[in-house]
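> Chain by chain, the residues:
Number of protein chains: 2
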Amino acid sequence: MKLHGYFRSSAAYRVRIALNVKGLGAEHLPHHLRKGEQCAPAYLAINPQGLVPALEDDAGAVLTQSVAIIEWLDEIHPNPPLLPKDPLRRAKVRAFALAIACDTHPVQNLKVLARLRELGLAEEKVQEWAAWVNREGLSACETLIKDEPGPFCFGDAPTLADLCLVPQLANARRFGVDVAAYPRLLKAEAAAKALPAFANAAPENQPDAE
Amino acid sequence: MKLHGYFRSSAAYRVRIALNVKGLGAEHLPHHLRKGEQCAPAYLAINPQGLVPALEDDAGAVLTQSVAIIEWLDEIHPNPPLLPKDPLRRAKVRAFALAIACDTHPVQNLKVLARLRELGLAEEKVQEWAAWVNREGLSACETLIKDEPGPFCFGDAPTLADLCLVPQLANARRFGVDVAAYPRLLKAEAAAKALPAFANAAPENQPDAE
Chain A
1 MKLHGYFRSS AAYRVRIALN VKGLGAEHLP HHLRKGEQCA PAYLAINPQG LVPALEDDAG
61 AVLTQSVAII EWLDEIHPNP PLLPKDPLRR AKVRAFALAI ACDTHPVQNL KVLARLRELG
121 LAEEKVQEWA AWVNREGLSA CETLIKDEPG PFCFGDAPTL ADLCLVPQLA NARRFGVDVA
181 AYPRLLKAEA AAKALPAFAN AAPENQPDAE
Chain B
1 MKLHGYFRSS AAYRVRIALN VKGLGAEHLP HHLRKGEQCA PAYLAINPQG LVPALEDDAG
61 AVLTQSVAII EWLDEIHPNP PLLPKDPLRR AKVRAFALAI ACDTHPVQNL KVLARLRELG
121 LAEEKVQEWA AWVNREGLSA CETLIKDEPG PFCFGDAPTL ADLCLVPQLA NARRFGVDVA
181 AYPRLLKAEA AAKALPAFAN AAPENQPDAE
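So the protein lines, in turn, are chains A and B.
First residue of the first sequence: 1, per full-length UniProt numbering; consecutive thereafter.
First residue of the second sequence: 1, per full-length UniProt numbering; consecutive thereafter.
Please keep in mind that the hints were generated in silico from the structure rather than gathered at the bench.
The structure presented is a predicted model; accordingly, all values stated were derived computationally and were not measured.
A few of these clues could be false.
If chains are identical, the list can't say which one is meant, so a pair holds when it fits in one copy or spans any two.
[Unchecked claim] With a cut-off of at most 25 Å between alpha-carbon atoms, the simulated PhoX-like pairs for lysine-lysine come out as follows:
1. K125 - K111
2. K2 - K146
3. K187 - K111
4. K35 - K146
5. K22 - K85
6. K22 - K35
7. K193 - K111
8. K125 - K187
9. K2 - K22
10. K22 - K193
11. K35 - K2
12. K22 - K146
13. K125 - K85
If we strip away everything but chain A, and leave its shape as in the complex, we get (with noise of 0.2 Å):
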């Protein structure tokens, strides 16, 4: 498999996390996202979105969007299982990953506070915009999990929540977010980043960190 990301996507960084945590290879391509390398020609015609992860099997079919390819990774390697069994747990994770995938990264990413500068905006209320946007969602993923006993977001293993949650909590810090606001996540957080799933998946850990 071949794995199109960047260090420090977000969504990458997830994707990383799914292929480590099922203990499978993959060849990591990096697109510079500062330098625009995600919307070159070649690129495009892998993910139309101009946006990584995008995941390419063996059979050279193009996998896009980090939350699919981990539930297609989820569903072609079922363990060790990143969701539980019982169809309301499974619908809480994926609640928990959604309320990150959906309503925190894509409204705090590259091109989003590119657009912002574009407008005018000062990068003060650029950085302010990105901090508001994480604390509304990890606000909430606090409250949605307050009463799992953990340590992880869900039981004593990890799942997709866990996946969404490290790599956005990364995205937080770098905003100036004070994450100490939400002893939870940071709970789940250090369960996650004790196993070396995660820990190699770090961005200051992949060949093209800066």
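Given chain A's structure and the hints, the job is docking chain B onto it.
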């Protein structure tokens, strides 16, 4: 079941279609988003994100995030299916749906547009932002299914992809996007709108429509 929604919320619209496709009834509880009813403490106790939809099942369990709700409905009421059986096809359907549910809709929702106004952006620029987001998302979606014969997004029956597409096209038109640029999407929309499950879920056919 109880569906917390709003006639014009495109995320609630997706779930209304899913319930109709599955032949399931639900009590509809509207929350007027423009009046901020989704931020009332009683509703935040149901969904800490302060977003619609939220679905309460007959045992009182609360589900949030439209795509997670639809996946759950599809798991517990598998017929007619809203996802194909083949894992790679499922991944394609989910990727299309998430291109809308992650990268398009949340970047142009009421909350984000309100924030842009708070930052001093003129109304014309706010509308341009929403149109830009819709064009970016829909043009990628058009490419994603350009080689799919249809008539639906993926094959001869509606899937999660169509459930996300039809409400998003309604948004795009509301923001003045020239949707004629997306003939393949319009073909899928026409097929979907011919079904009562979609027609009955349309915003203008809801009791709280204005």
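> Is it within, between, both, or neither for K22 and K35, if the alpha carbons may be no more than 25 Å apart?
neither (31 Å within a copy, 46 Å between copies)
> One pair to classify: K35 and K146, alpha carbons no more than 25 Å apart. Within, between, both, or neither?
For K35 and K146, the Cα distance exceeds 25 Å both inside one copy (40 Å) and across copies (29 Å).
> At most 25 Å between CA atoms: does that hold for K22 and K193 within a copy, between copies, both, or neither?
within (16 Å within a copy, 41 Å between copies)
> Can you tell me if K125 and K85 fall within 25 Å by alpha carbon in one copy, between copies, both or neither?
The answer is neither: 43 Å in one copy and 46 Å across copies each exceed 25 Å.
> Check K22 against K146 for me: Cα-Cα at most 25 Å, and say if that holds within a copy, between copies, both or neither.
neither (28 Å within a copy, 32 Å between copies)
> Indicate which option fits the pair K187, K111 if close means a Cα-Cα distance not exceeding 25 Å: within, between, both or neither.
neither (31 Å within a copy, 29 Å between copies)
> With 25 Å as the alpha-carbon cut-off, assign the pair K22 and K85 to within, between, both or neither.
both (17 Å within a copy, 22 Å between copies)
> One pair to classify: K2 and K146, alpha carbons no more than 25 Å apart. Within, between, both, or neither?
between (37 Å within a copy, 24 Å between copies)
> Cα distance capped at 25 Å. Does K125 pair with K111 within a copy, between copies, both, or neither?
Classified as both; 16 Å inside a copy, 17 Å across copies.
> For K35 vs K2, is the C-alpha pair at or below 25 Å within one copy, between two copies, both, or neither?
within (21 Å within a copy, 48 Å between copies)
> Evaluate K125 and K187 at a C-alpha cut-off of 25 Å and name the case that applies: within, between, both or neither.
For K125 and K187, the Cα distance exceeds 25 Å both inside one copy (30 Å) and across copies (41 Å).
> With identical chains treated as interchangeable, where does the CA-CA distance between K193 and K111 reach 25 Å or less: within a copy, between copies, both, or neither?
Neither way: K193 and K111 sit 28 Å apart in one copy and 33 Å across, limit 25 Å.
In the structure shown, a violation is registered for the earlier hints numbered 3, 4, 6, 7, 8, 12 and 13, in ascending order.
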